[in-house]
Amino acid sequence: MFVRRATSSEATGDENDEAPDQQMTMTSRPSGHVPGAGTTAAAEVEHARSRMLRDQKPRGRTRIGADVVCEALLRQGADVLFGYPGGVILPLYDVFGDYPDLRHVLVRHEQGAAHAADGFARATGHVGVCLGTSGPGATNLVTGLATAQLDSVPVVAITGNVPAALIGKDAFQEIDITGITLPMTKHNYLVRDADELPRVLAEAFHIARTGRPGPVHVDITKDALQQETQAPHPTDGEVSAGLPGFKPTFDGHPRQLKMAAQQIDRAERPVILAGHGILVADAVDELRAFAEKAQIPVAWTLLGVGAIDERHPLAYGFMGMHGWKHVNRAIQSADLLIALGMRFDDRVTGKVSTYAPGAKIVHVDIDPGEIGKNVAVEVPIVGDVGRVIAALRPLVAQRRAEERRAYFDELAAWRRESEASSWHGSGAWRDGLLSADYVVNRLGELTGHEATLVADVGQHQMWLARYAGFRRPNSHLSSGGLGTMGFAVPAAMGAALGRPDHETWAVCGDGGFQMTLQELATLVQDRIPVKIALMDNKKLGMIRQWQEIIYGGNYHSAQMFGPDYLKLCEAYGIPAFKASTPDEVDPAIEAARAVDGPAFVWFEIAEAQNVFPMMPAGKGLSDLIEKWGGADE
Amino acid sequence: MSNQNLSPTPASDPPPRHVPGSGEARRHVLVAVVNNRPGVLNRVSSLMRARQFNIESLAVGHTERPDVSRMTITVRGDDVAVEQVSKQLYRLIDVLKVQDVTGERRIEHELALIKVRATASTRSEIVKIVELYRGRIVDLGADSAIVEATGTEDEIDALVALVGGFGIKEMVRTGIVVMLRGSAAVEVEGLAEAKTEEVS
Ligand SMILES: Cc1ncc(C[n+]2csc(CCOP(=O)(O)OP(=O)(O)O)c2C)c(N)n1
Ligand SMILES: [Mg+2]
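So the protein lines, in turn, are chains A and B. Each residue of the first sequence is one higher than the one before, starting from 13 at the first, in our numbering. Each residue of the second sequence is one higher than the one before, starting from 51 at the first, in our numbering.
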């Protein structure tokens, strides 16, 4: 599974002779995004874990609910968790010492724990885990859970609650937290009896990662954590049998597949809309093979960035509100949209009534609730997007690029035109400062397009998605659905611990960075090698842009003071570099990369640069604004 | 926009894309079979509220299995919007089955208790009307009577209109429950086996 943890409390020495390949017998974990099998490092970790799972730890005390939690985490392979202690969750912290293979990362704010678990899950494909105490600890997790919910990220959040007898009495730090998380989780539980913990935790992990992933919250009373229990952990079969209402459909219906193939064979201007589902389902290879066979250009959503290598001849570009004009144009003139694991968010469609007016739609999603929700579709297919495209590929006719020559030439012309009117050639300078698109482009180049780049929310998020050049699946992490400022640094923390084999950068705006910058201390204390690129326009840039274009230049509250970030980092003991001119950009990035541990680069970027094109809210995909007051991007 | 003419889409504006839920609204009756666990009703009603589905009535009680409850929900909306209701309900882990029975042959009844003003002089007239509508008097006070009626919403509406003339002091209706006629049933796959096991 995880290739290797960055600064783990290394799995301890004495190896025994069990073969690493027997280790999946305890509990079946899907492979996730990590090419686990095969690498020695992965085998090592698996080996250590399985040994640990089989050895009953001599506790010298009875097994209590808190032990069940630790055992369950280990059984699920969740060996990194992010949390913050408090009164009612202390029984759990009291036993952590007995489980040296569980690595608990102490964050500085529970929001950071939830985003870190989320980033871990996005980067690895495995369930991320966060912990908090009752009351304020739990409410602090909420933004992170909502973020994971809207982006379908598998997270298990565990909170303590007051002893069962005090529930409903407005006890100290008691809040109806399951009432709060109910609408923003895939499922949630309140556990008052330790005997139920093995089942509930196994269900929580199963639900979080199966079908359309999502966050699951498990609230456990303090007395349940302390209660003695002998309840055994359920088998996978028992878990499924106990959830008769949870049976996701994985394979597309043959009749629907046939209908889709007919539409695809008939289409002259088809476009694939690749969404997050492609990455979640690990269907990048299937997507490419399918697109190549039928010769269909691929557009992607914000969360679909990385679904196809941007250099691929069929990779057409990023769609939607701040997508490329040529991509939106292709969608608007398409006769068939093949939507794969995406959900026609309003940022993607704009006004639905004018969306892709000439197109029929084939919509593949594992969640039937997404189909027909935002747009009416001609061919719905419910299923795992990877399995569906794999089943669809043999049914569609093999095409050669020449057969689509006229269409492809037109798309190429549109692309040249739209790229020319955008950043290409606009240079590195803008208003005597750095041009933001130049900076993210250099970041992509210098990290070899291999690093995991985690976006915060705002203009820089859009520039990153547009200009960094993504090639690898899950190398771009972004809070799309909720658009949560403050996401990047803690999410990068989780991503870095999940995929220590990849360099990890948090790309932040000055606004968002100041929302969760307390996690700098976590990076230092836990030696998590996250690099931070601060895109400092001294503004809430996206707010400023909207105020300029939509609110007549009434810039209330867009200007934002920030500290001297070099001094800030110095205070934390984090090496920091500053770049204000184009020739400082590359050296600053390289200097940060050379640091063994966290590092920071402060980019002073233009203060009034806009993200173009822009589809104003309430307008359609054909109503893109490309310039304002004479200035393009 | 110089390349616009290259596009094969017709010069005249195409018709607007259909927006789901914008069709003609009508009353739908849904049956949801759910786990009988604490909080399930809250999950269902919270989802309906959050997604702005308009519940007209919701009746819930357990089935022949104490661990399984059955909800009868009436909602207004176009067919697509109501299909969304059931799809969204399926997202809930505790929901085992949702069926729109609007087009099915079914018994659809609710129960009402109506406390009407009843003086010595009006009493016998009330009793006559109530009998005619197959209701019954379940309580008689000095100046009031409680009428219990079961039937379709229309039947109860009619009875309410008639006794309304005497003066209604209080009324409560349960909302409808439904059952398919004949051998058809709202069945949950996989749950049936457990059922027979239990019987044998
Ligand atoms: C928690 C939260 N609060 C408010 C917003 C609204 N919002 C979206 S972008 C933005 C400005 C972000 O500014 P900054 O982080 O500096 O990024 P920039 O746009 O300047 O690149 C704001 C306030 C949000 N997305 N999230
Ligand atoms: Mg900013």
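Among the clues, some could well be false.
Listed next, with one range per pair, are the computed distances between beta-carbon atoms [to be verified]: (1) Pro65/B - His265/A: 51 to 57 Å; (2) Arg126/B - Lys305/A: 44 to 50 Å; (3) Ser72/B - Gly99/A: 50 to 56 Å; (4) Gly214/B - Gly370/A: 52 to 58 Å; (5) Asn92/B - Ala533/A: 46 to 52 Å; (6) Pro65/B - Asp263/A: 44 to 50 Å; (7) Arg101/B - Thr593/A: 41 to 47 Å; (8) Arg231/B - Arg484/A: 37 to 43 Å; (9) Asn92/B - Leu118/A: 23 to 29 Å; (10) Gly99/A - Glu74/B: 53 to 59 Å; (11) Leu578/A - Arg101/B: 32 to 38 Å; (12) Val69/B - Gly641/A: 48 to 54 Å; (13) Lys579/A - Asn92/B: 46 to 52 Å.
No farther apart than 27 Å at their CA atoms in a straight line, the calculated lysine-lysine pairs in the DSS-like style are these [to be verified]: (14) Lys363/A - Lys590/A; (15) Lys137/B - Lys363/A; (16) Lys178/B - Lys165/B; (17) Lys579/A - Lys590/A; (18) Lys270/A - Lys305/A; (19) Lys372/A - Lys219/B; (20) Lys165/B - Lys270/A; (21) Lys363/A - Lys579/A; (22) Lys137/B - Lys259/A; (23) Lys270/A - Lys363/A.
Facing chain B, from chain A, some residues (calculated, C-beta under 8 Å) [said to hold, decoys possible]: (24) Pro175; (25) Ile179; (26) Ile192; (27) His199; (28) Ala279; (29) Val364; (30) Ser365; (31) Val387; (32) Ser433.
Derived from the structure by calculation, the hints contain no laboratory data. Keep in mind it's a predicted model, so treat the numbers as computed, not measured. Glycine included, every Cβ here is placed at the ideal spot set by N, Cα and C.
- Which of the numbered hints are not met once you compare them with the structure shown? 1, 5, 6, 7, 8, 9, 11, 12, 14, 19, 20, 21, 23, 24, 25, 26, 28, 32
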